[in-house]
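Undergrad: The listed protein sequences correspond, in order, to chains A and B. For the first sequence, this note's numbering assigns the number 23 to the initial residue and increments by one for each residue that follows. For the second sequence, this note's numbering assigns the number 23 to the initial residue and increments by one for each residue that follows.
Since no wrong hints were added, every one of them can be taken at face value.
Identical copies look the same in the list; a pair holds intra-copy or inter-copy alike.
With a straight-line Cα cutoff of 27 angstroms, these simulated DSSO-like cross-link-like pairs (lysine-lysine) come out:
no.	residue 1	residue 2
1	Lys388	Lys476
2	Lys467	Lys369
3	Lys493	Lys262
4	Lys467	Lys385
5	Lys98	Lys270
These are computed hints drawn from the structure, not numbers from a lab.
2 protein chains.
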Amino acid sequence: MRNNTLLTDLYQLTMAQGYFEKEKCEEAVFDLFYRRNPCGHGYSIFAGLNQVIEFIENINYSEEDLEYLAEQGFNKGFLDYLRDFEFEGDITAVPEGSVVFPHEPLIKVKAPVLQAQLLETSLLNIVNHQSLIATKAARIATAAKDRSVLEFGLRRSHGPDAGYYGARAAVIGGCEGTSNVLAGKDFGVKISGTHAHSWVMTFDTELEAFRTYARNFPNSCILLVDTYDTLESGVPNAIKVFEELQEKGIDPDLYGIRLDSGDLAYLSKEARKMLDEAGFEDAVIAASSSLDEEIITSLDMQDDEIDVFGVGTKLITSSSCPAFGAVYKLSSYAGRPKIKISDNVEKITNPGDKNLLRIYENKDRKIIADMMTLQEESFSEKEELELFDPRDTWKTTSLASESYKIRRMHEQIYSRGEMVYDLPEVKEIKEYCQSEKETLWEEYKRLINPHIMKVNLSHNLYNLKQKLLQKNGVKA
Amino acid sequence: MRNNTLLTDLYQLTMAQGYFEKEKCEEAVFDLFYRRNPCGHGYSIFAGLNQVIEFIENINYSEEDLEYLAEQGFNKGFLDYLRDFEFEGDITAVPEGSVVFPHEPLIKVKAPVLQAQLLETSLLNIVNHQSLIATKAARIATAAKDRSVLEFGLRRSHGPDAGYYGARAAVIGGCEGTSNVLAGKDFGVKISGTHAHSWVMTFDTELEAFRTYARNFPNSCILLVDTYDTLESGVPNAIKVFEELQEKGIDPDLYGIRLDSGDLAYLSKEARKMLDEAGFEDAVIAASSSLDEEIITSLDMQDDEIDVFGVGTKLITSSSCPAFGAVYKLSSYAGRPKIKISDNVEKITNPGDKNLLRIYENKDRKIIADMMTLQEESFSEKEELELFDPRDTWKTTSLASESYKIRRMHEQIYSRGEMVYDLPEVKEIKEYCQSEKETLWEEYKRLINPHIMKVNLSHNLYNLKQKLLQKNGVKA
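Just need the whole structure built from these sequences, with the hints factored in.
TA: Here you go:
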């Protein structure tokens with residue numbers, strides 16, 4: 023692994039030196055949160071936590087790093103501090119794969135301000151990337167309904183890591199597998215792939231190319247049928263090869279065709295008929311070609327016959343919304359709650375050391391609302407709970423006692439610098455994410471104009487926010 | 023470094039095993055090219071070649087990799103071959119930082135088909151990413167005219183590599199520097215950065231925050247002035263601190279303010295007046311906040327007073343066009359030219375082992391056109407040259423002898439498996455890229471509806487293409 027300790031913005035280091043030089047470096051609380059769901063989605067999937075932990079565990083300023091920083095004008099005392107840097111703070115976070123909503127603290131870092139500041143850029147980099155791709159994958163999986171989606175985007179991702187961690191995030195968010203071999207190996211997820219047009223083109227005939235492929239991979243034989251002419255040549259040749267396998271008594275685990283161009287709805291329906299007529303009702307039809315949630319929805323509307331969607335560029339770059347936009351903001355310093363004000367109401371932060379609670383309906387375990395509270399507040403399910411809208415405060419909802427369940431969303435990741443969290447496997451995160459999506463009513467999952475989940479503030483947090491806004495001369 | 027040898031699509035390995043099992047694995051030629059300039063730009067910047075070479079030099083299937091592949095069903099003979107894999111082919115490419123156009127081979131790989139195939143995914147991944155960001159940076163630098171652009175996007179990039187190599191590509195394409203410390207260290211490019219809002223918020227007053235920062239960094243003192251109120255508080259406090267530096271006899275190398283929100287055109291003009299009136303005519307005004315080429319063009323139209331643009335999310339994700347779309351297509355196999363046909367004319371490939379020539383006007387060294395030829399063709403500047411449009415073949419241009427210069431764009435990178443290229447430093451690539459842009463007339467550089475550069479085919483290549491199209495039953 024490249025040592026990514028210096029993979030940060032210069033201003034984190036200049037500020038850190040500034041804090042180091044101050045007489046006192048007090049404890050700060052930073053919230054990592056985002057402001058808008060990508061692509062107008064109703065929720066996001068939080069991803070990247072394991073890599074955040076890996077980053078923190080591997081922080082190590084090498085002598086070469088320190089030499090470079092000295093050349094940039096950093097002073098010796100500060101560089102000596104970095105040489106022995108160890109994170110000493112607390113971190114809590116929502117579990118990876120959680121369904122999350124705007125303005126909620128996804129990660130909370132409580133540490134000496136110098137240390138908390140030095141984590142900012144990497145935490146944002148990792149979480150912004152993986153949450154973006156996991157959320158896009160969730161959208162695409164929703165469009166595909168119960169059909170498989172495979173991640174095929176490595177060649178178009180933004181460099182090696184974007185393909186590697188992007189495949190991980192896509193699988194967490196809803197893809198069944200990936201074409202990415204290294205991601206498959208390192209994250210224990212399913213890999214798939216067959217052959218390209220170039221394979222067919224190196225043979226004298228398409229039939230010979232298919233035969234050779236089938237001889238090599240009789241048990242997993244998906245043939246790409248659009249090199250020359252899908253319906254005139256590709257599908258008939260594939261059928262011939264499937265018949266030959268049958269004659270040899272071979273019963274493949276997986277076989278079928280892949281369409282990679284043209285009118286996928288039409289071609290899939292025609293190919294389905296041809297395969298069925300030849301007795302290959304269980305042959306799979308896979309399709310790829312600039313797919314995303316919109317095109318899959320359109321294919322579905324046309325009653326396509328595609329069983330598996332291979333999704334590349336538009337997933338791995340989240341092309342319709344290529345940035346997640348999470349930020350990392352100071353919410354408390356030296357025990358005093360802090361607020362960042364802005365002309366843009368959406369950009370005003372929620373002050374103080376906070377908790378994130380999720381309120382489920384008791385009956386069917388669906389989410390009613392989320393609520394941010396101050397750390398010291400406690401709530402009992404045995405009491406009535408009043409929820410109110412932080413923008414339109416006259417809109418209130420009362421939940422009868424025992425009619426709801428409260429869940430504290432954050433888990434302890436670091437305690438006084440010690441990592442105290444059991445890192446789950448990607449498979450577990452994927453399953454958890456699936457169960458998380460099931461806590462949403464359909465109205466929150468639709469792809470266009472979904473219901474907006476209420477993210478409430480407790481009365482105490484609301485009052486604190488108003489007080490700080492007034493102190494800063496902002497009219498409520 | 024993580025071993026990225028397996029960072030590929032599974033089908034590259036299934037095809038490779040297929041080729042391994044065939045009696046003969048013949049020599050193939052693959053072209054890496056793209057079909058459209060991103061964002062409607064008039065040209066692209068080719069970037070990532072050094073990382074392509076690094077990848078090839080580091081190909082190494084570990085025992086752990088081979089074990090994993092064995093579990094996936096690959097056979098022992100093939101895995102033994104991979105264990106000792108060494109690339110044995112030839113590679114030529116245009117130099118990094120070159121101005122390039124659609125359909126031109128940027129990299130040409132000539133190798134046993136198995137080996138050429140195994141390079142595909144990584145070459146595309148690397149070149150697609152860096153060329154995308156370099157091209158976007160060139161657009162933004164064009165909008166900024168002679169003003170500095172700094173790359174600030176690490177926190178929003180698609181994972182660590184996207185920030186690291188993205189900063190590299192942005193500097194090649196036109197940025198003066200980056201906030202990215204590790205990219206600065208490893209690629210020898212300028213880094214910059216000062217402080218965030220959180221710095222100001224940890225002090226009792228903004229003035230105290232600015233004073234402390236200035237005490238720490240008296241020589242490079244850019245103060246962020248929008249934490250509370252830019253014109254009422256931020257700029258006056260910055261001026262007070264600059265006066266205090268002056269009183270102490272300190273004459274900073276660089277000082278000024280940064281605007282990060284609000285109406286940047288208005289605020290920069292007001293701030294400029296206030297700074298000038300206080301006698302700080304050389305104080306720099308930097309600005310950031312969702313900038314891209316469109317917003318910079320708009321600011322410029324309003325006669326803003328910004329000296330330095332910090333560009334983040336929209337550059338590092340190339341948000342308006344987040345994929346480059348390069349492909350890697352077979353153009354020759356076993357000495358026979360190959361063509362990939364398609365209903366979509368844009369997707370029909372150019373067959374055969376080719377050269378890429380660039381034709382400059384002798385007088386002012388501007389590009390007249392590019393021309394793809396067959397490898398064996400030669401041209402002399404002493405003769406008249408006829409250019410004709412490959413789509414509208416009746417459109418021809420004759421260049422008088424001695425009126426033009428021909429440049430062969432490809433350089434030899436690998437020769438029979440040996441790397442024979444001197445890798446340039448990023449600084450040199452950046453300078454070369456700047457000189458490349460100067461070979462374009464302004465009409466090709468404008469951001470909207472630029473002139474389309476002619477990429478011609480030689481008569482021989484054109485005729486070969488027609489012949490193969492007819493052979494495949496496609497009407498010309």
